[in-house]
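Participant: Relying on the hints, combine the two individually framed chains into one complex.
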Amino acid sequence: MLAVFLLTPRGDAAPAPIDLRADLGFGGWIVPGAWTPLRVDITAREPLDGELVVSAGTASGRESLWRAPLQLGPGARQRLDLDVIVGDPRRPVVLSVYHRGALLVSTRIMTTALRVTEGIVLGLTNDAAGLEIVARLPQGLRPAYVRESQLPRRWQDYEGVALVVVRDLIDSRLLPVQRDALVQWIAQGGRLLVTDGDSPALRLSWLREVLPARAGAAARSLVLPLVSGTDRAVPVVEITPHPAADVTRDGGAAVSARWHYGRGVATVWAFDPLTPEARAWPTRRRLWSSLFEMQSHPALPSADLGRVLPISQALPGRAQLGLLVLTVLYVLAVRHAQRRWVPHSGWLGLIASTVISGGLMYAYAESARGSAIAATQVTVIEIQGDLRSARAATYVSIANAYGSTYRLRAPEGATIRALDGSAVTYARTSNDIASAGPGRGLIFESLQVIPQIVRARIVEQGSRTQLAVRTIPGLRIASPVVFLRGRIYRLPDFEEQLSLVLDPTKWEGVNGREGSFRGDIRGQIRSVLYARLREMEDLRERPWLIGWVNDPRARVLLSPGDAGPALQLLAARVETSP
Amino acid sequence: MTRMNPVYRNDVRFRLTGPKAINVVSIYLTLLGVLAMLTLPPDVGHLDELRQEGLLRAMLIVQMVLVAYFTSATACGEIVIDGEKSAWDLAASPFSSQVIARGKVATSAAFAAMLIFVGLPIVTTIGAIRGESLWPVALAPAVGLPFAVGAGSLGTLYSVWFDSEFTRGFVHWLTLVALVVASAALPAPWNLISPARSLQLIDRGIGPAVVLAVLGYLLIAAVATMLVRSRLDTIRRDAIAN
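The listed protein sequences correspond, in order, to chains A and B. Once you know that position 115 of the first sequence is 118 in this note's numbering, the rest is easy, because the numbers rise by one and skip nothing. Once you know that position 198 of the second sequence is 200 in this note's numbering, the rest is easy, because the numbers rise by one and skip nothing.
The hints are simulated quantities; they were obtained by calculation from the structure and are not laboratory data. It should be emphasised that the depicted structure is a prediction, and the values quoted were computed from it without experimental measurement. For each residue, glycine too, the CB sits at the ideal point set by N, CA and C. Warning: the hint list may mix true and false statements.
Claimed, not checked - Which residues of chain B face chain A? A partial, calculated answer using Cβ under 10 angstroms:
hint	residue
1	Leu-18
2	Leu-31
3	Val-101
The following block holds chain B by itself, in its conformation from the complex (with noise of 0.2 angstroms):
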């Protein structure tokens, strides 16, 4: 029976049920929430920039992104979640690096996946309302939850990368800035990067675009990975030299 990895035990019982995670929790469906509200007027749905794409499919990029920025902004100490220990502390812990750096992207992966499924009720809602299809919203998570996790894990790259909070904070949101907005605004096929044109590709089904694009969220969350563990070393490393 393989133990479950206890960076990832504790971080994902904090997140879960610790006052600051539930009050972030809280902000994100309450967002969540006064968006929905905006899309009511019955006019909204028939802007031209949103004929297109629906309003669904711009609440699924809303969501997707909110997710993302709060799976990011908690990994990189953005947001600090009492009692929930950062990569940083955790290198005097006796875990190996490998056990931090797994455990981190695992705590970034269970808590992305949490706020989509707690978002569900009140994005199925603006569903309901323009009786639009539920496909697309059960398919988002296969581009969402990746994008999130490769966000998460460059989070916690950057918290142990960057000493100063300001540093962090300037990088973490040019990150997202990038990943988000800059990519959508490349020509294609390099467009694919953007998660909002993969989400706007998955109504078709998950072709190769989107396989591609998920794979590269994962391969992103995997060298992050390994440079957070490097980057554990090294810090031990330099530890006992000094």
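In isolation and in its complexed conformation, chain A is listed as follows (with noise of 0.2 angstroms):
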């Protein structure tokens, strides 16, 4: 990773008080809007008790900030890897250390549009090179070599990452979050290129449901005319290909495997291309070109759910009649006042009642003010029937009229944003974000992975579908549907399993009245739902379960205020089978 390397010393010929150094992006590349991640060494060369400020440009023009505790002893180094979104390039990332409130130092890290991209590869290679040619690639790629350490360890910071490339792999150098993090993003619609039929990678036990093959054993030299566009021979470790797996042969061997996992790609190759050889190879750019061409599953929701949600909150009825009667009250003090106070103390009797019922007016409203602030959310649990894991995708709108500081706490392993470049601030671990400021119709999107909670299966017996359903303990699915290519199947509501027999009379078409009343948020919410199923046409060729839950593990908590309606819809691909 290119380090962006800072010492900054206090101004004046004093020694810095701390040594700082900072790695933005992976290889100094950023992608804006995405999470992107930053690693900070500091070096105290004095007692350090504060924070570290790092502030970013937002696309609107605006700042975030995040902030990270410190505490150091003479001479500690504390590490501090950070997640970050740059979308303004254009603006600096600015680095501040604040020592018991007081600035010590605040530096900046230049984030040119020349370190813009808008996918990164990664290469877990030992010889950083090879990997130029994705430059030449339509998608505007860059390529960035990277070792075990800097993998990120959250799937969610892989966002602007669009291919990993593994070649020399040593995983006793993995964390195991690091481990679930490349999984989980694979699942989410990451691409993995394992080269080489001898990798290490295809031997791990955590990576083998990932790959469409396994390693293989002969070592053989070919030729590979459509790999290569040479006659020349190519070492190849031959695979095992997964059955199921989109394999390509060339010189009378298996060559290259590829499959969808989850929503994402995984490719295996026989052979390296990142060799000297390879490097020079006719058809290099075709080559690196075929990964993409297996397209990744898009996610069922977007942010146009987010749209559908109430987008103004008024101040509760309470406080709006309490300050009513404040202010009558305050109109009846004053004439109180002028009719018996003044004639005796002059002006003192009314500068009183005013500083007093003033006072007291403030405060009232002040308080008030936090109370009108309010989240409505909703959450769409998508499950991929292959998979262990559930994607869980919730959109908050926050109307905040009033301009009241909130905070917004995502659950443990999710990741919180602003989606329209709101101003707002990260603690460390970026499921827990504060702002402030007057809004209507704030979105902020939180993404996480729960455990899979429910499996669907339809089966074909003769002229009968029957339908399967079964779900975690405790589940109850309300209003559920089965949705195929724009039509749906009302069930009835159940609780951990349903056996069904569908009646082929019984499909009806999507109501394309359903969400046009306005106040029926349930409604516009599946409908946006049911339009983009019709959109994605990797998504209407199959069925999928619809229906209302309530998962507590995937709420977005608001403080203070109210909390608001936390609407759940689960979408489960049903699997089928003849």
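Facilitator: Rendered as structure tokens:
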């Protein structure tokens, strides 16, 4: 990873109180608007008790902050791994270190447009060479060579990554969370390429279910005209593809296998495309391009869901009544002061009544403001049948008309961010953000994975179509339907399991009026989801089980104020078997 | 030790404690309270025309206009305060025209200051609800008070200048419309005459433009006071001659 090195003196000739070293992005590359890793190493020469504040410009021209506590003794070193979002790369990322509230040092990382890309190809290789070819692909990619320790620890942090190329992987250097993050990212739509049929990655138990092929045994030299475009022999360790994999053969051997893992794509090449010889193959551009031919499945929910949520929240009736009563009492108090007190004590009586009443009214209004903030959230728990986990995307609409300060806390393991470029302050964990300032319809997105909660299957038995659904204990699905190609089949509410023969006469078209009533949020959410299912080719050809659930693990908490309604829609892909 | 102006002392007593004055203050506070309640709906703060100025600023402008109206209306006799003698009536008193003119302008200043002060709890409530800084509230009297004093002095002038109540009321309203509404429609830099414009500028601090506007209002007050004095002298001369 390209390091942005910073050593910040305090200004004059005095020795710098701390050494600060920061690495931003993968290999220095940044994808605007995507989670970007920021590694900061701080060495203190004097005791340090404060915090690191990182600020980065948002797409709307504002500024978001990330705060991380610091506590170091003299000579101690602290490493902070933060994830930041650079919305506007024209503005520098500013790192400020505070000691007991006072600014100690502040420095900038210049993020010019020259370091911006549309996607990053991470190469896990010993030799940092060979991936430059991806810069010539139409996807606008840039290569970055990383070591195991630099791989993200959360799957969401791969957001700006288009492809991970694994060539030289030392498994013992990977933390379990890094393994889980990589696998989860692929399941959620990422792309993985393992090169060389003899790669140790092919023998890793935690990666086995992801990969479409097993390691081969026989090392051979084969002429691969399709792959290399030459008649020179290429060293190949033949792979053993999975029966369900899409296999490419060349030179009489299986040289490539790929398949969908979850929504993502995993590919194994039996040859090494990063050798000096391979870097000269005339077909190399087409070869790397082929990695993007198999499309990853799109996610079902989108930010459109957030737009159907309420965007306005009035002061509670009690607070409005309180203000009215206080105002009336104040008018009466002034009248009383004018009648009774001013003749005896002059201006003093009027001043006293005004100051006391003013203090009370101000304090009441200030507290009422905090109660006028509300959040409405909708979660779509999307389940791909063959995975052990489900993707929960929550969209939170904040109505903060009176500009009070609020805090949103997403569940553990989730990342939350403002979709509209609002100025927010992130806690180090990135599932905890705070903001202030008035706004309506401020949309936040929380992304996480939760364990699989439903399995649904349709079995065709002659002319009978049997639906079988099984959920985790205690999970109730309300108003469930099976959605297929623009039509729905209404099911009864059920808990834990349902077995039903689908009557072909009971399929009905989606009611165009559903969600047309302004206050019918549930109908509007369903309507958005149905539209999405109809639009996406990859999604519409499969049946989906859709229904309301209540899973506290995917709920975003708001403080202070009314957490508001939390609607949770389950969308489970139904497996079909003949 | 300087003696308090007797006209001011008498007028202020009735302006503070007279039954009608109490009602005037109550009406003023009720109007502010109603406006404050009307600002509570959440979307009011997002109307395009209010987005730049802010509700608090709009409320301060309304307060300033109300203060200027009540000050000038009580000065010109449109609202008669029980016990208070008009400048015209005082022409027959033994007080010099200077004492009367100064007393009247001091009364207007004190009344305007009182109205601004008692309105603060309601105005600051808007700031608290919207989470806005109260700095504009603290600075607003720097414009609002001189403007109200200027309007009050003009009211006093009209009270001695026009015999007809209708004419007096008509000119009084015409003056307010000209100062508040028409001046804001003037092209820059002439729109600085508008107190609403000065209140908008005051957020950036009391700059030369605001100082110029305030000096303008004080100049109006000074000229009106001189004209009141002159008119009182004329009235007395006419009375002696007749």
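Participant: Take the hints in turn and mark each one as holding or not.
Facilitator: Hints and how they fare:
The beta carbon of Leu-18 of chain B is positioned within 10 angstroms of a beta carbon in chain A (closest approach about 5 angstroms), and the interface hint is therefore held. For the restraint placing Leu-31 of chain B at the interface with chain A, the shortest Cβ-Cβ distance is roughly 5 angstroms, inside the 10 angstroms limit, so the hint holds. With its C-beta approaching chain A no nearer than about 22 angstroms, Val-101 of chain B sits outside the 10 angstroms limit, and its interface hint is violated.
Against the hints set out earlier in the document, a violation occurs for number 3 only.
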